[in-house]
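Trainee: Sequence:
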Amino acid sequence: PQTFIMPVNIAKLNRTCEEYCGQLRNKVVLQRKFPKQGNPYWDYPTVASVCQSDRFNCTCKNHSRPMRSCNNLLLHEIQNYGNLGEPATRNRPLYNGSPNYPLGNCAEQHAANDVLNALDKKNCPKSLNDLYFSRARYVRDSRELDACVNCRTILPNAQ
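Numbering (my numbering), first residue to last: 1 to 159.
Think of the hints as simulated: they come from the structure by calculation, not from any bench. Watch out, some of these pointers could steer you wrong.
[Stated by the list, open to error] Below, in silico cross-link-like pairs of lysine to aspartate or glutamate (DMTMM-like), each with a Cα-Cα straight-line distance of 20 Å or less:
(1) Lys27 to Asp43
(2) Lys12 to Glu77
(3) Lys122 to Asp43
(4) Lys27 to Asp146
(5) Lys12 to Asp141
(6) Lys33 to Asp43
(7) Lys33 to Asp146
(8) Lys12 to Asp120
(9) Lys12 to Asp43
(10) Lys121 to Asp43
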């Protein structure tokens, strides 16, 4: 695969994330208005984020929820701090009583996982240092929020 460094436009990633939040809100409204038989009631995801690789043209967006499995590169980094789906128990920096969310549940980690899996399919070399992120946003109202301690620790360029 051809490697090229693509400058990452963080402002564009932030706009994409805001648009994605709107898409998620619309999806929930439609599911509530037209429920399909057998579909469970679906509430708003809490947070959304967009991730882009600067070495390959690959951008993915995703939202927060429990992660069942993930890319080996991301899993290896997560396991430095604890087990997937559980709060961090090892090597976690302490930041003034910040919450200890379960590892793998954050929108940034889901978006990173999608980018890494897409790069795997293209047989591209990958590194967590090559991934850049939008600011995370609450889906309900698109307010920006800072990345949690776990994301800032696991993903070098999380904001």
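Trainee: For the pair we were handed, Lys12 and Asp120, check the Cα-Cα distance against 20 Å.
Mentor: Violated - the C-alpha atoms of Asp120 and Lys12 are around 25 Å apart, more than 20 Å.
Trainee: For the pair we were handed, Lys122 and Asp43, check the Cα-Cα distance against 20 Å.
Mentor: Not OK: Lys122 and Asp43 at ~34 Å, beyond 20 Å, violated.
Trainee: Within a Cα-Cα threshold of 20 Å, do Lys121 and Asp43 meet the stated pairing?
Mentor: Violated, at roughly 32 Å.
Trainee: Lys12 and Asp43: Cα distance at most 20 Å?
Mentor: 27 Å, violated
Trainee: Would the hint linking Lys33 and Asp43 be met if the CA-CA limit is 20 Å?
Mentor: 13 Å, holds
Trainee: Verify the proposed pairing of Lys12 with Asp141, using a straight-line Cα cut of 20 Å.
Mentor: 19 Å, holds
Trainee: Just to be careful, I want the Cα atoms of Lys33 and Asp146 compared with a cutoff of 20 Å; is the pair within it?
Mentor: 33 Å, violated
Trainee: Has the given pair, Lys27 with Asp146, been kept, meaning a C-alpha gap of at most 20 Å?
Mentor: Judged against 20 Å, a Cα distance of about 25 Å means the pair is violated.
Trainee: Can you confirm whether the C-alpha distance between Lys12 and Glu77 stays at or below 20 Å?
Mentor: Outside the cut-off at roughly 27 Å; violated.
Trainee: Between Lys27 and Asp43, does the CA-CA distance stay at or below 20 Å?
Mentor: 10 Å, holds
Consistency note: the structure conflicts with the earlier hints numbered 2, 3, 4, 7, 8, 9 and 10.
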